[in-house]
Every structure is written in structure tokens, then in C-alpha cells.
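Undergrad: The residues making up each chain are set out below.
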Amino acid sequence: MSTTDLIASIALILGALMSLLAGIAVLRFPDTMSRIHAATKPQVLGIMLLMLGVGLRLGSPAVIGMLVLIVVLQFVTAPVSAHLTVRVAYRHATDDQNDAAAADSAGVTAGARSPVTVDAGSAEPGSPIGASLEAGSRPTDDKPAADDGPAQMAQALAEENAPGNPDVDPDGAR
Amino acid sequence: MTLTLLIAGLLFAGGAAFAAVRLVRGPTQIDRAVALDVMLAIVVGVIVLLAAVTDSSVTLVIAVVISLLGFIGSAGLAKLLPRDRR
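First to last, the protein sequences are chains C and B.
First residue of the first sequence? That's 1 in this note's numbering, and the numbers climb one at a time after it.
First residue of the second sequence? That's 1 in this note's numbering, and the numbers climb one at a time after it.
Hints in this document: simulated from the structure, not taken from any laboratory.
A partial selection of chain C residues facing chain B, derived with a Cβ cut-off under 7 Å: (1) Ser19; (2) Gly53; (3) Ile70; (4) Gln74; (5) Thr77; (6) Thr85; (7) Val88.
Glycine is no exception: its CB is placed at the ideal position from the N, C-alpha and C atoms.
Using the sequences and the hints given, assemble the complete structure.
TA: Structure representation (C-alpha cells):
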């Protein structure tokens, strides 16, 4: 084994080691963005080391041109694809946080509204005096009162969304 | 060169196995896309390693095509994933 073969072997093994490290990192890292960060390493440095090994092993100019083509393509495309993937991951993370905040606020308002309806329902059987005349009217009054909870919620959501869209549109148009 | 093929092949196999575990287990679709990117880089590495060991430059064209297709696949996944989610 000559010296160039030895250097080529070392470069090939280092490139393979880089892909093994990327596999371990993709498996072990806790976050999506850190996984993407680690996954970009064999696509640039590992490919470059492997191409160095192959170029030392087969020395013809056509092969070296093809290897340079692969390395240049990886250098151009790997950061772009990583950037696209990270942007999607970041949007999903922020959307999850917004969804969690919206769910928390909706839960708080529902928790604040539900005791009111429960009190209205408990006050109905709690006042039997005079219920004989108004027994027909009390449930009819109670049903719109019970329906007002979700209806008001829907109206409030619609009112939040309706002024929200003209506010969003100039922000999105800038 | 046989020893190089053995060592580098084992390293590639380990990396591909770990990436496959992440591909199966990934919590989101983005993790699976990242694991597929790593496995595609490993495939390119294996093809290049075989070209180096067997002294033949025929399979290097496959490496060029796979590196281009990997970029197209990753960009397409990044474009199509939000509609899948929400």
C-alpha cells in the first residue's frame, strides 16, 4: 500500500466516521433543530473527505472533474435544504406555542363561563316557589341562557377574527 | 483497501442504522425528513467508497444524480410539510 493509498484510506474512513457521528447525533439529540444542525455535517465535510479519498485513489482528470462537481453541488445545496427545513421546523415550533397559548386562554374563559351556567342551573331548582306559573317560561329562559355561552363564545371569536384579519393584512402586505 | 472497505462499511452501517431508528421513531415529520437526508448522504458515501475500492469510476455518476435528487426531495418536503400539518 503506497502513501497515497494510505492517505486515501484515512480520508475514506474519516468520511465514514463523519456519517456515523451524524447518525448518532440524529438519534440522540433532543431537539429538531440540533438534529438538523448535526445532519448537515456528513453532507458537506463527509462528502468532501470521501471525494478526497476517491480522488487520491483514481487520479484521472475526468474522475476528478466529476468529484469536484459533486462537492460543489453539495456545498451549494446542503445549506439551502437545511435552511428550508429549519424554517419549517421553526414555524411549527412557534405555531405549537401559539396553539398552546390559545388553548390556555380558551380553557380559562370556558372555566370562567361554566360556573355561571352551573349557578344559573342550580338556582333553577333552588327556587321552587312560584315555579308553577313560570315553569313553562323558566326553561325557555334557561335554554337561550345556556345557548348564550357557546353563541357568545362564537361571536366573540368571530369579532376577534374579523378585526384581526384587517390588522393582519396590512402587516402581511408590508 | 479491503481493511478500509471493512472499517468504513461498518461505520456507514452504524450511521444508517441510527438514522433508521430516528426515521421510525421521529416525533415529527421534519425529524423523519432529516433522517432521510442523513441516509441519503450515507448512500452517496457508500457508492463513492465502492468506486474507490474497486478502482472504477462508473458509479460516480450515480452519486451526482443522488446528491441532486436529495436536494430536490428535501426542498419539496420542506415545501409540502406545512399543508400536511395544519
